[in-house]
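Make a model of the complete structure from these sequences and hints.
Read off the chains here:
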Amino acid sequence: MTSITELMTHDHRACDEVFATIETAVAKGDWDKAGAALTAFGEALEAHLSAEETTIFPRFESASGMVDGPTRMMRMEHTEMRRGLDNMRDALERKDADDLSGEAETLLILMQQHNMKEENILYPMCDNHLSGEMATLGPKITSQLKASGA
Amino acid sequence: MNMAAGNALGYEAAPAFSAPLRFFLTAPLFGVLAGVLLLVMPELLESRWTPGALALTHLVTVGFMLTVMLGAMFQILPVVAGAPIPATTVVATIVHLLMSAGAVALVWGLGAPAPDVLVIAVWLLGAGCAVFFVAAAIALLRVPITQATPRDMRFALIGLGIAILLGLTLAMIIARGLALPLVPLLKLHVGWAWLGGVGMLLGATAWIVVPMFQITPPYPAALTRYWAFATFTTLLIWSATVMYELTSIEFVIVIALVALAGAFIGNTLALQRRSRKSIPDITQRAFQLGLGSLIAGLICILVSYHSDSPLWPVLSGVLILHGGFISVMLGMLYKIVPFLAWLHLTQAGVRAPNMKKLQPDAPVRKQLIAHAITLAALIVATLGVSAWAGRIAGMLMTIEFAWLLNNMINVIRAYRRAGSA
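Going line by line, the protein sequences match chains X and B.
Each residue of the first sequence is one higher than the one before, counting from 64 in the working numbering.
Each residue of the second sequence is one higher than the one before, counting from 2 in the working numbering.
Where hints are given, some of them may not hold.
Simulated pairs of lysine-lysine, PhoX-like, Cα-Cα distance not exceeding 25 Å [claimed, not checked]:
#1 K357/B to K278/B
#2 K357/B to K158/X
#3 K358/B to K158/X
#4 K367/B to K336/B
#5 K336/B to K278/B
#6 K96/X to K278/B
#7 K96/X to K357/B
#8 K158/X to K278/B
#9 K188/B to K91/X
#10 K357/B to K367/B
#11 K91/X to K278/B
#12 K96/X to K203/X
#13 K203/X to K158/X
#14 K91/X to K357/B
#15 K188/B to K278/B
Listed below are several chain B residues computed to face chain X (Cβ distance under 10 Å; list not exhaustive) [what the hints assert, rightly or not]:
#16 L272
#17 V351
#18 P354
#19 D362
Source of the hints: derived by calculation from the structure; they are not laboratory data.
Each residue gets a CB set at the ideal place from its N, CA and C atoms; glycine is no exception.
What follows is the structure, encoded as structure tokens:
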């Protein structure tokens, strides 16, 4: 049975791959391609965040009783990540390569330190509490992640 | 998994900006002192055994490197291991004061040489390390081991602890004539510090940092699973061969240690070549310079076993410390400091400028070029061309570290401006 840690860690890496294509396109000055890449990344990121916010976190909170704990912090960081994405869209619209690269750098580090905490701490905690439910939870998460096509 | 680990994810558990920053801003000052010392006494690169050379080495290793590593640990342990150091701000303040004063006393005691000052250094550094290691142990014991990085972080901390204990013992041999064999213990001190402490810490951090921030495939599972354990065990066997003077076996074990270090370096370079990031960023460049220098340094170590020339040990020191570890640390500092500035602004509810506005690329790139030129000058100076080569290397080193400090201070200025806007 696939664990939440494996499933979600794999999706983090998949999002990273899409993220990298934005920078490559901007470096080549191909703004159309960069726009398409940013859209694809936005969809992949949103699918991932919403799988956590609507499925994994609520299940973890009710199983562990930790409502105000780690998931609250992760939700707050999701808000920052969505704002970072908006900043990137804004820079792309203005075709400001410097600004876009600064926003991308910031979002990448924010995203990766967030991922580290999830992969090393929160997901293993989720697996501890939810391993019995994976038969139903697993397919649901997978279909939510797939919605983006990433 | 328990509550302590879960709590590590709270904003409350994140250390105040000042906790790591006080270390990061102090470290370059020791680098500047090292540069000035070399500028005044360019003959210090001739042999590793003179009091001045010992002082120079420890300005770089204890003054710069250990200070940066301790500062980073306050930030890294909560994020990668879910292990926030208890009473972070208080512990950071105490450790920082003891270690900084201890580093000054150590360098003075070794360089003058002044045995009484060296004893004071042992007390200060011993106390500073004791506070840090107890706090880190409490933090790490509270969380179970689930991933390679937190486990290897433990190995690295033990390795670093062994290196420091050996160092303190050596200081007591020099200062108080403790009846213990100096040369083998010195060898162990260097081996444990380079590979057991800094090398393993670099490995434990790289398992996570390289794939995530440079967007590469993961390290091979066998490497992350066994490398730290194999390295630690091999270091223990090597230590026995050194203490029992089993010279021929020792060289075989040294080859094994070099091969282990090479496996880490080779895999890291191979992964970086497969990075999805189309433009290698500053950290990646610094990593490449660092890893390349480490390979060259390892070759010098092997040569030093078959040559009586004092050149090889000094050259390996220059390549591994300045070229290897400091390059990697610069790359990491240039990511950590602006990100923390951004993070603390964001947490304070300020709409923070992005990282490249807080820390523009141009001065960072120039400082790293200065660092690379300094390395070249240090190598030339070590080859003993003329005293002027040493002076130039010292001058460049002074500039390099002052520049680093200036770049970090500019990030803090931008942080303050954004915070008060």
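Do the hints match the structure? See the list:
1. K357/B to K278/B: 17 Å, holds
2. K357/B to K158/X: 17 Å, holds
3. K358/B to K158/X: It holds: about 17 Å lies between the C-alpha atoms, which stays within 25 Å.
4. K367/B to K336/B: 16 Å, holds
5. K336/B to K278/B: Roughly 16 Å between the alpha carbons, so the hint for K336/B and K278/B holds.
6. K96/X to K278/B: 16 Å, holds
7. K96/X to K357/B: 23 Å, holds
8. K158/X to K278/B: Answer holds: K158/X to K278/B is near 20 Å, not above 25 Å.
9. K188/B to K91/X: 51 Å, violated
10. K357/B to K367/B: The given pair, whose Cα atoms are some 15 Å apart, holds under the 25 Å limit.
11. K91/X to K278/B: 13 Å, holds
12. K96/X to K203/X: Distance ~32 Å between K96/X and K203/X Cα, so the pair is violated.
13. K203/X to K158/X: Violated, at roughly 38 Å.
14. K91/X to K357/B: 20 Å, holds
15. K188/B to K278/B: 41 Å, violated
16. L272: Because about 13 Å separates L272/B from the closest Cβ in chain X, which is outside the 10 Å limit, the hint is violated.
17. V351: Result: violated, 12 Å to nearest chain X Cβ.
18. P354: Constraint on P354/B satisfied, holds at 8 Å.
19. D362: It holds, given that the least Cβ distance between D362/B and chain X is near 9 Å, below 10 Å.
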